[in-house]
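Visitor: Residue-level listing of the chains:
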Amino acid sequence: MSGDATPLERRLGRLPAGLRPLEHERPGSGRLWRVETVALLLGGILLAIATVNDVVLGTRTNHRLVADLRTWRAYTGNDYKNVATEQDIQHHTTTDVVCGNTVPGPPKERVQICLQMTGPVVRGYRAAKGGWYLPANTEKNLRRYRYGCFGTTKAQGACPR
Amino acid sequence: MNVAAQSEVPLARTRATQWASPLAVACALLLLAATAEVVLDGAVGHSSLIPKSPAIAGWLSGVGERLGFRVFLIALLAFSAGYAGLIALARSVSKRWAIALVVALHAIVLIGPILLSTDVFSYIAYARMGVEHGLNPYTHGPIAISHDPIYHYVGPVWKKVDTAYGPLYTLISYPFALLGVNGAVWGMKVLATLASAGTLALTWRCARIRGRDPVTALLIVGANPLYVIYALGGAHNDLLMMLLMMVAVALTFAGRDGPAAATVVAGALVKATVAALLPFMILARRSLAQAIGALAALALGAAVAYVVFGVDGVNIVAALNRDAAFVSTDSFPTEIAHLFGKPGVFPIDHDLLKAALVIIVLHLLWRTWRGYDWVAASGWALLAISVTSTWLLAWYILWPLPLAVIARDRRLLVATLAIQALFIVHQMTPLLAPVK
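So the protein lines, in turn, are chains A and B.
Note that the working numbering has the first sequence beginning at 1, numbered continuously upward.
Note that the working numbering has the second sequence beginning at 1, numbered continuously upward.
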């Protein structure tokens with residue numbers, strides 16, 4: 001250490017060699033570099049797999065949503081664009097609920113019919129084995145608003161009355 | 001190697017050199033075309049990719065068509081492919097052409113609409129709250145000015161949320177409130193463009209100081225798809241934060257430790273994330289001037305913030321803690337949760353992620369103490385913050401990019417670009433399976 005070192009540098013100079021601050025990395029830190037690189041590669045592989053997995057999951061979900069919308073339009077005979085789809089994010093089943101107006105009008109401002117979609121996508125459609133109605137101007141598909149359950153949803157107790 | 005083979009190698013090199021310039025031009029044209037497509041289609045409005053906005057780009061609306069996911073994602077992919085090609089061929093791009101390309105990309109985005117984010121309207125709403133309505137943006141959300149014309153443009157999620165930005169940024173934004181809504185949007189766009197120009201100029205300068213090719217550095221940052229389309233397109237204040245970050249780096253390279261540390265603090269008073277640089281800078285330089293500069297800037301900033309905004313303006317940590325709890329579908333923790341069959345991240349995951357971040361930062365601090373490049377360590381810290389964050393937006397993974405191009409550890413640049421590539425890949429679902 002040079003004679004014009006600051007008090008801080010003099011104090012740091014008294015530290016054991018392994019703890020002293022260095023201006024530049026010592027040659028021979030290649031092992032640490034390799035360990036870090038391996039950790040980075042493993043982290044990168046995990047992130048890449050997670051990203052691709054998410055894209056695949058999203059793609060499958062979108063395929064299902066397209067089938068849900070097509071099925072709702074086929075069952076109701078209404079070719080509306082503003083049809084709302086809800087997924088079962090609580091239990092991660094592939095059962096979706098699709099709601100839309102029974103008659104033309106602004107979205108959710110008419111009585112809505114909701115269909116419960118289940119099963120796989122077959123030739124672009126899914127099975128709708130039950131459903132319910134929602135009163136006009138109902139924003140959320142909550143159990144307390146539902147009425148007129150039909151099909152399998154009746155037995156499931158999807159409606160309060 | 002025989003004589004014939006020896007003569008073929010220079011020939012192949014000459015051919016490659018001959019092709020490099022036209023290929024680089026093709027890549028540059030691809031970037032310009034993709035940007036123009038997004039901007040012109042975006043100017044039409046009525047798209048879920050373009051936020052509801054004051055009519056600032058109506059004069060462009062007759063040229064394009066409504067911007068759909070498909071066109072946007074193809075443009076983003078084309079831009080990314082052109083960018084990759086341009087970076088690979090950067091050595092054959094002249095200084096003049098590189099600057100011209102980056103200026104052209106900035107100009108195209110500047111004249112267009114706000115792209116992909118409503119954040120700029122939140123900035124303006126907070127400014128108008130303070131200037132026009134006498135309300136403190138650190139205690140009220142934009143809903144407090146629901147009668148103000150800017151309110152309709154604020155994103156639904158942010159209407160009840162107080163500002164999370166630093167008091168310096170809030171003060172910088174206040175004069176824009178006097179320009180009216182349209183004027184403020186233009187002002188924010190110009191501010192973002194100027195901040196970007198400053199960041200790029202300093203990246204160029206720092207690259208030269210570090211012995212890196214400044215043209216390559218300029219292209220990697222200034223022609224980056226996330227930088228141009230998302231950060232510039234949305235006029236994000238991250239660009240101002242990055243400018244102050246690069247000012248601090250340039251000052252440190254010039255041996256002006258005190259002003260450098262003060263500038264990092266100023267950057268943190270714009271957006272707190274940049275404070276991550278300070279410990280690495282201090283460990284590497286170990287000068288008293290840094291401590292004095294940082295403390296002086298902090299004391300001044302806190303005093304001004306307290307006088308103007310009260311105690312809430314000083315307590316940025318509370319806002320950061322609030323925002324740290326947000327979850328976005330693009331975040332890597334969310335993707336990993338999905339990989340392991342979970343619907344998303346839970347509170348315990350937030351704790352685990354914070355612990356992982358602390359371990360990474362401690363490792364980087366130790367490495368910096370033992371002579372590792374502090375610029376690279378700062379870049380790694382910023383990258384780790386964005387990767388472990390449950391609330392990830394495109395412009396967050398730009399934070400380490402200017403540092404990565406000047407860092408002595410090239411792994412940082414590779415990692416940053418790889419993370420950006422994964423982010424772009426994650427956007428592709430609507431292209432693979434469009435919902436009609």
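Calculated from the structure, these hints are not laboratory results.
A hint or two may mislead.
What the hints assert, rightly or not - Below, computed lysine-lysine pairings styled on DSSO-like, alpha-carbon distance capped at 30 Å:
1) A:140 - B:160
2) B:354 - B:342
3) B:354 - A:81
4) A:81 - B:95
5) B:342 - A:140
6) A:108 - A:154
7) A:108 - B:52
8) B:354 - A:108
9) B:160 - A:129
10) A:108 - A:140
11) A:140 - B:159
12) B:354 - A:140
13) B:159 - A:81
Visitor: Work down the list of hints and note, for each, if the structure agrees.
Guide: Each hint tested on the structure:
Of the pairs offered as hints, the one joining residue 140 of chain A and residue 160 of chain B holds, with about 21 Å between alpha carbons and a cut-off of 30 Å not exceeded. Taking the CA atoms of residue 354 of chain B and residue 342 of chain B, the gap is near 19 Å; set against the 30 Å cutoff, the hint holds. Simply put, residue 354 of chain B and residue 81 of chain A have alpha-carbon atoms about 43 Å apart, too far for the 30 Å limit, and the pair is violated. Restraint check for residue 81 of chain A and residue 95 of chain B: the C-alpha separation of about 51 Å exceeds 30 Å, so the hint is violated.
Annotation: proposed proximity of residue 342 of chain B to residue 140 of chain A holds, straight-line Cα distance about 25 Å (limit 30 Å). For the suggested pair residue 108 of chain A and residue 154 of chain A, the alpha carbons sit about 23 Å apart, so the restraint of at most 30 Å is met. Pair hint residue 108 of chain A plus residue 52 of chain B holds up; C-alpha atoms about 22 Å apart against a cutoff of 30 Å. Restraint check: the Cα-Cα separation between residue 354 of chain B and residue 108 of chain A comes to about 42 Å, which exceeds 30 Å; the hinted pair is violated.
At roughly 41 Å between alpha-carbon atoms, residue 160 of chain B and residue 129 of chain A are farther apart than 30 Å, so this suggested pair is violated. Annotation: proposed proximity of residue 108 of chain A to residue 140 of chain A holds, straight-line Cα distance about 9 Å (limit 30 Å). A threshold of 30 Å between alpha carbons decides the hint, and for residue 140 of chain A with residue 159 of chain B the separation of about 20 Å falls inside it, so the pair holds. Note on residue 354 of chain B and residue 140 of chain A: the hinted pairing is violated, with a Cα-Cα distance of about 35 Å set against a maximum of 30 Å.
In summary, the hint linking residue 159 of chain B to residue 81 of chain A is supported, as the alpha carbons are separated by about 28 Å, within the 30 Å threshold.
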